[in-house]
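Q: In order, the protein sequences belong to chains Y and U. Quick note on numbering: the working numbering labels position 162 of the first sequence as 280, and the sequence is numbered without any gaps. Quick note on numbering: the working numbering labels position 109 of the second sequence as 110, and the sequence is numbered without any gaps.
Hints are computed from structural coordinates only; laboratory data are not their basis. One or more hints might be untrue.
What the hints assert, rightly or not - Below 30 Å or equal to it, Euclidean Cα-Cα: the simulated DSS-like pairs (lysine-lysine) are:
#1 U/K309 with Y/K246
#2 Y/K406 with Y/K396
#3 Y/K348 with Y/K225
#4 Y/K245 with U/K309
Claimed, not checked - Footprint (simulated), chain U over chain Y, 3 or more residues, beta carbon under 8 Å:
#5 230-242
#6 286-294
This one's a predicted model, so the numbers in the text were calculated from it and none came from an experiment. Note that CB positions come from ideal geometry on N, CA and C, so glycine has one too.
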Amino acid sequence: MQLPTLSTHAKSNLGLRTKIFNKLGLTRLKRRPLCLVPKRPLSPLVNMYLLVLAANKNDLVQCDAAMATQTAAGESLQVVAEACEKAMAETVTQRLGLQLMSNVIKKQLHRYKTTLAEDVVLLATSKKEHLKSKQKKDKGNNKKKKKRGLAAQLGLGSDDVSSLAMTMHETLAVRYRMTRKKILSLLLVDMASRSDGSTLSSTDESAARHLQDVPVTWEDVPEDGALEDKVKAFNAWFAAQKPRVNKLIAAAVPMMRIGTLTTSKVDMDEIYLEVPVKACMSSSSAWKDDVVGPVLKELRVKHPRGDAFHELLFHLIYERFVRGRQSKWWP
Amino acid sequence: MFHFFYILISTTLLVSTAAADAAATAPSTSLKSFNFGTDAVTESTNNDFLDWYTAVGGIASGVTVGHDGRYGRGVYATKSIVEDDEVISVPLEWCMSRISAMKEDSRTAKAAYRQIQSDDDLVALMLMREMSKGYSKSREKKARQAAADKQGIAVLDLPVTKEIPGISKWAPYLRVLPRTVPLTVFYNQNELNALEDSTLSNEANQRRSQMSKQFKSMSKQVKLLFKDLPIRSRKSKFADYLWAKSVVGSRALSMSGKKFLVPLADMFNYHPHQVERDADNGANFLRYHKMHDGRFHVYADRAATSQKQLMEDYGDNTNELYINHHGMVSNSGTGVPRVVGLFVTDSCCCLMFFVFDVFCGLLPLRLSMTIHLIVSMCNCPR
Chain Y
119 MQLPTLSTHA KSNLGLRTKI FNKLGLTRLK RRPLCLVPKR PLSPLVNMYL LVLAANKNDL
179 VQCDAAMATQ TAAGESLQVV AEACEKAMAE TVTQRLGLQL MSNVIKKQLH RYKTTLAEDV
239 VLLATSKKEH LKSKQKKDKG NNKKKKKRGL AAQLGLGSDD VSSLAMTMHE TLAVRYRMTR
299 KKILSLLLVD MASRSDGSTL SSTDESAARH LQDVPVTWED VPEDGALEDK VKAFNAWFAA
359 QKPRVNKLIA AAVPMMRIGT LTTSKVDMDE IYLEVPVKAC MSSSSAWKDD VVGPVLKELR
419 VKHPRGDAFH ELLFHLIYER FVRGRQSKWW P
Chain U
2 MFHFFYILIS TTLLVSTAAA DAAATAPSTS LKSFNFGTDA VTESTNNDFL DWYTAVGGIA
62 SGVTVGHDGR YGRGVYATKS IVEDDEVISV PLEWCMSRIS AMKEDSRTAK AAYRQIQSDD
122 DLVALMLMRE MSKGYSKSRE KKARQAAADK QGIAVLDLPV TKEIPGISKW APYLRVLPRT
182 VPLTVFYNQN ELNALEDSTL SNEANQRRSQ MSKQFKSMSK QVKLLFKDLP IRSRKSKFAD
242 YLWAKSVVGS RALSMSGKKF LVPLADMFNY HPHQVERDAD NGANFLRYHK MHDGRFHVYA
302 DRAATSQKQL MEDYGDNTNE LYINHHGMVS NSGTGVPRVV GLFVTDSCCC LMFFVFDVFC
362 GLLPLRLSMT IHLIVSMCNC PR
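One chain only, chain Y, in its complex shape (with noise of 0.2 Å):
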């Protein structure tokens, strides 16, 4: 994985840059394996490196200036970076560096050839052939002896092992490369909550005060709309629904489509989440639906019994091929 450079990411004011980068010695960075780690800030070298990429010219000026005052008093190169961090301290720099770092870590991403899911399903397959071929050789254990000398001779491979069961080998790197998206997948989420520093790092009533503030409805969502953008309108409708408790927040996250991500600390057996039952979908909801309770009463009258699972299943088919945009829950 490469850092963003200077040449490539920050073509101008580079005279400035430059100095600031030899002044603290940022360029060591390039040099260097980097190390991230999930949930564990940037180290500041890396921190003050993306900084100074994504700084503009006013941010620029003011760390030159910070910096020169404390060379001057004869202060150690720590002291003088963090004068400079101090003077880019703009949550928009800040922002814009872990961004740079995101865009990375997304390319990086994107060389993979396949999805964790992919990855995910190929070992569930491979699998499952191993044990069916497993099976196979148990059942006709007799039977294949005698075959065996005839396939061979008819210069036919083994029939134990299909194409789509993987070898040792195969199965490794498998699992080898799913923790690498597994990772990477981490740090992005990561970067973009500590870019969204002030929704996660506070408290509940800040995070739905952001959400408040979230000016994506689901009204003006696309049905092909962006994926952030729905689930930031989701969770404008989810606070919408005024849950008692909620320190979760939807977000979508890379290879993974969408997860959660939490607003403050959760400790061990507490409650983060608490659902109104008015925002849940249930065979009890699909009883009250104008709609499709009158048809699972007549159904009732066909089938005494009911079937809890089918009387849901049929609600969300109304509510999302039927109402669609008009749907309650179509967020």
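Add chain U to chain Y, keeping to what the hints say.
A: Positioned in the frame of chain Y, the structure of chain U alone reads:
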């Protein structure tokens, strides 16, 4: 002393090994393996190993070898174990290392060992030589019978620790070593492509060619090492070297840059420690693995109840190192490794441990210390 051990061993062989619970709280002199659904041959191999292990002075306190369908061979608790309990203690002369190699009877073999600088290669070649001496059970039986007849004593009176012509004195240990280790150097191109990581697959190819070059460069030493062994039984081909290197790479424990193949201690399966930690130059590994009083001591890094597998954290390594050198990938619960794989790229931390674990034996001390200083200055989270 040897007679005393042997009487105990012969009594253990008579005892049925079917029920695992019978072995609970047993002292190490009457060790029996746990069987959780494996075949009789494997079980007998495990018991032979345990008999040999206790005969050579190995101590297993509250642990034994077990075999289940999922992990294969592993270390199982025979009683409740708490963290920091000493579970394994093996005399250094019975750990495959430079120390034990230099105790070889053959002068030519000793001369060859002396010429090999890298500990990795030395232990690998030692493994190849011991395998060439013979390790199968039938061969062991014949060799022991012949030796007993020659000396005019009963087979049971033959000391296990003494070298017998036609069989390696490590034979029971060699029989429990894996025949294959799924390292990336053994992957074909399709399997390397499945990694979806060009750097990793290129490195695997490079490593394979490096190993080939290294083996060629040691041809003189290899010839010298196998000089006194019959040509037909020699395991001195490149394929044998690759196998031995992969066994050493995946199982040998590294202490101060020296490699040790420690019987029983090398059977721990991996599971990350419950407590998440930062990489710290392998300090966690050194806390539970110590060498003193001429023995190699292993302490439990976690608690385990009786008959449960006792696993181990292999140290501050990344998944990259595990797939390259251990033939495994760490998935801790959620599928995201704790300390393992925290580093997205070829991390400095990874490099640091890689340097120490893999190459230290190759480098002079001063150079390896310099590398340590350089990499410790890099951008690792502390």
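Q: With a Cβ-Cβ cutoff of 8 Å, does the segment 286-294 of chain Y contain at least three residues near chain U?
A: holds (count 8)
Q: Could you grab the alpha-carbon distance between Y/K245 and U/K309 and see if it respects the 30 Å cut-off?
A: With Cα atoms ~26 Å apart, Y/K245 and U/K309 stay inside 30 Å; holds.
Q: Assess, step by step, whether the Cα of Y/K406 is no farther than 30 Å from the Cα of Y/K396, and give holds or violated.
A: 11 Å, holds
Q: Does Y/K225 lie within 30 Å of Y/K348 when you go C-alpha to C-alpha?
A: Roughly 23 Å separates the two Cα atoms, so the pair holds.
Q: Between the alpha carbons of U/K309 and Y/K246, is the straight-line distance 30 Å or under?
A: 28 Å, holds
Q: Can the segment 230-242 of chain Y be counted as covered by chain U under the rule of three residues or more with Cβ-Cβ separation shorter than 8 Å?
A: This one holds; 3 residues, not fewer than the three required, reach chain U with a Cβ under 8 Å.
Going through the hint list in order, the structure satisfies each hint without exception.
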